[in-house]
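**Student:** Protein sequence lines, in the order shown, are assigned to chains R and A. Take 1 as the starting number for the first sequence in my numbering and just add one per residue. Take 114 as the starting number for the second sequence in my numbering and just add one per residue.
Some clues are possibly wrong.
[As the list claims (entries may be wrong)] With a cut-off of at most 25 Å between alpha-carbon atoms, the simulated SDA-like pairs for lysine to any residue come out as follows:
no., chain 1, residue 1, chain 2, residue 2
1, R, K105, A, T184
2, R, K61, R, S39
3, R, K49, R, E66
4, R, K49, A, G116
5, A, K170, R, S26
6, R, K105, A, S178
7, R, K105, A, A127
[Unchecked claim] A few chain R positions that, by computed beta-carbon distances, are all more than 12 Å from chain A:
no., residue
8, S14
9, Q71
10, W83
11, S110
[Said to hold, decoys possible] Not everything, but these chain A residues come out facing chain R in the computed CB check (under 10 Å):
no., residue
12, I117
13, A120
14, Y148
15, L154
16, G155
17, N163
18, G171
19, V173
20, F203
21, P223
22, G224
Just so you know, these hints were derived from the structure itself, not from any lab. These numbers come from a predicted model, not from an experiment. For each residue, glycine too, the CB sits at the ideal point set by N, CA and C.
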Amino acid sequence: AQSVTQPDIHITVSEGASLELRCNYSYGATPYLFWYVQSPGQGLQLLLKYFSGDTLVQGIKGFEAEFKRSQSSFNLRKPSVHWSDAAEYFCAVGLSGNTPLVFGKGTRLSVIA
Amino acid sequence: IAGITQAPTSQILAAGRRMTLRCTQDMRHNAMYWYRQDLGLGLRLIHYSNTAGTTGKGEVPDGYSVSRANTDDFPLTLASAVPSQTSVYFCASSDSPGGSGHTNEQFFGPGTRLTVL
Chain R
1 AQSVTQPDIH ITVSEGASLE LRCNYSYGAT PYLFWYVQSP GQGLQLLLKY
51 FSGDTLVQGI KGFEAEFKRS QSSFNLRKPS VHWSDAAEYF CAVGLSGNTP
101 LVFGKGTRLS VIA
Chain A
114 IAGITQAPTS QILAAGRRMT LRCTQDMRHN AMYWYRQDLG LGLRLIHYSN
164 TAGTTGKGEV PDGYSVSRAN TDDFPLTLAS AVPSQTSVYF CASSDSPGGS
214 GHTNEQFFGP GTRLTVL
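So that you can see chain A by itself, here it is in the shape it has in the complex (with noise of 0.2 Å):
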């Protein structure tokens, strides 16, 4: 079982470029989320989705798009990467919110380092 894989692992970027990130998780879990880590910040939330085909804002949603086309893939797209999103990215997935025995618990992916120049 794998769990949550990243891909990629790093990336540099040129600042204006579009960029997505993937995410795959394989336990089945609804919840799906995406945080960037920077130094002396902890970990932010950027969007999530509790479900296959919704998704919500975080803290920091501006610059980031997301899809939940399905329940394995949560890609986060940069449109226009820019210096302030170079960050480590981590997705996160969780089990069915509100269902029976939901305990918010997190499962995270390895990262991804993205650096914009």
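Only chain R is shown next, with the shape it has when bound in the complex (with noise of 0.2 Å):
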């Protein structure tokens, strides 16, 4: 069965620092890739996917993610955490077809001054 590690549980950067959060899957093919950002007490939004083409992934609020085929890793980055950017990240992997998504724990971002 397919399933997605995200390594870390919490991270803490310093505003203005990259960030970069792991996620890797395990699944013989190539599989929909997603991030999802959860704010406290809101719902998951999404940041970004891969589906095939391009490697290097933009999405919103200036994260990207870039797929390794080769490391079965879809890690996200930012070059600069800004405050707002502290909330719970999700990766996620799909199948093609009717398979619902598989959701790591994901990672709780903490933001300092």
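Reassemble the complex: the two chains are provided individually, in unrelated frames, and hints are given to aid placement.
**Tutor:** Below you can see the structure in the form of structure tokens.
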């Protein structure tokens, strides 16, 4: 069965510093890949997605992610973090067809001044 | 366009009571999903529906039931609530599974916070 691993439960970065959140998946074929963000008390919002083509994907709020097939990874990056980026981030994997997404357990991002 | 609405926003419920969480979407998405979110466990799929009239079990279906009488509504029922069902519940939808352009991208509602005492 497919699975998604987000190795970091909680990350703290300084405002203005760069950020990388890790995501690894386990599946034989290339799945659809997603990053969602959840602000406190809110639902999930899509940051970006990868289906095919260019392995570097741009998303909203200045985020990007790179798909690396050899590493089965889809890490999320941002060059300069803002205090408003403090939230929970979820990586998700989907297959074609009728299968629901499988989510990682999330990484909580704290931003300090 | 409202997207996905969920009701109630929050609820405190006595154990043993029956409760239905409502979910409505106006995007004409065929697929709908129910997740529960618990600290340290992320989002876990409870039930899903690929199209009106069909439902399927997710990772944690026990104690929950769903129905999909039409495209827009996907209620989740707890027949006899237990404290372990205290959680935040999210409803989501996605465009037509298997159709051209299907991407599995899911859109989420704002959630229902349920406390079972």
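**Student:** Next, verify each hint and record whether it holds.
**Tutor:** Here is how each hint holds up against the structure:
no. : hint             : in the structure
1   : K105/R to T184/A : violated, 29 Å
2   : K61/R to S39/R   : holds, 13 Å
3   : K49/R to E66/R   : holds, 10 Å
4   : K49/R to G116/A  : holds, 19 Å
5   : K170/A to S26/R  : holds, 22 Å
6   : K105/R to S178/A : holds, 24 Å
7   : K105/R to A127/A : violated, 29 Å
8   : S14              : holds, 25 Å
9   : Q71              : holds, 21 Å
10  : W83              : holds, 23 Å
11  : S110             : holds, 15 Å
12  : I117             : holds, 8 Å
13  : A120             : violated, 14 Å
14  : Y148             : holds, 8 Å
15  : L154             : holds, 6 Å
16  : G155             : holds, 4 Å
17  : N163             : holds, 5 Å
18  : G171             : holds, 7 Å
19  : V173             : violated, 13 Å
20  : F203             : holds, 6 Å
21  : P223             : holds, 5 Å
22  : G224             : holds, 5 Å
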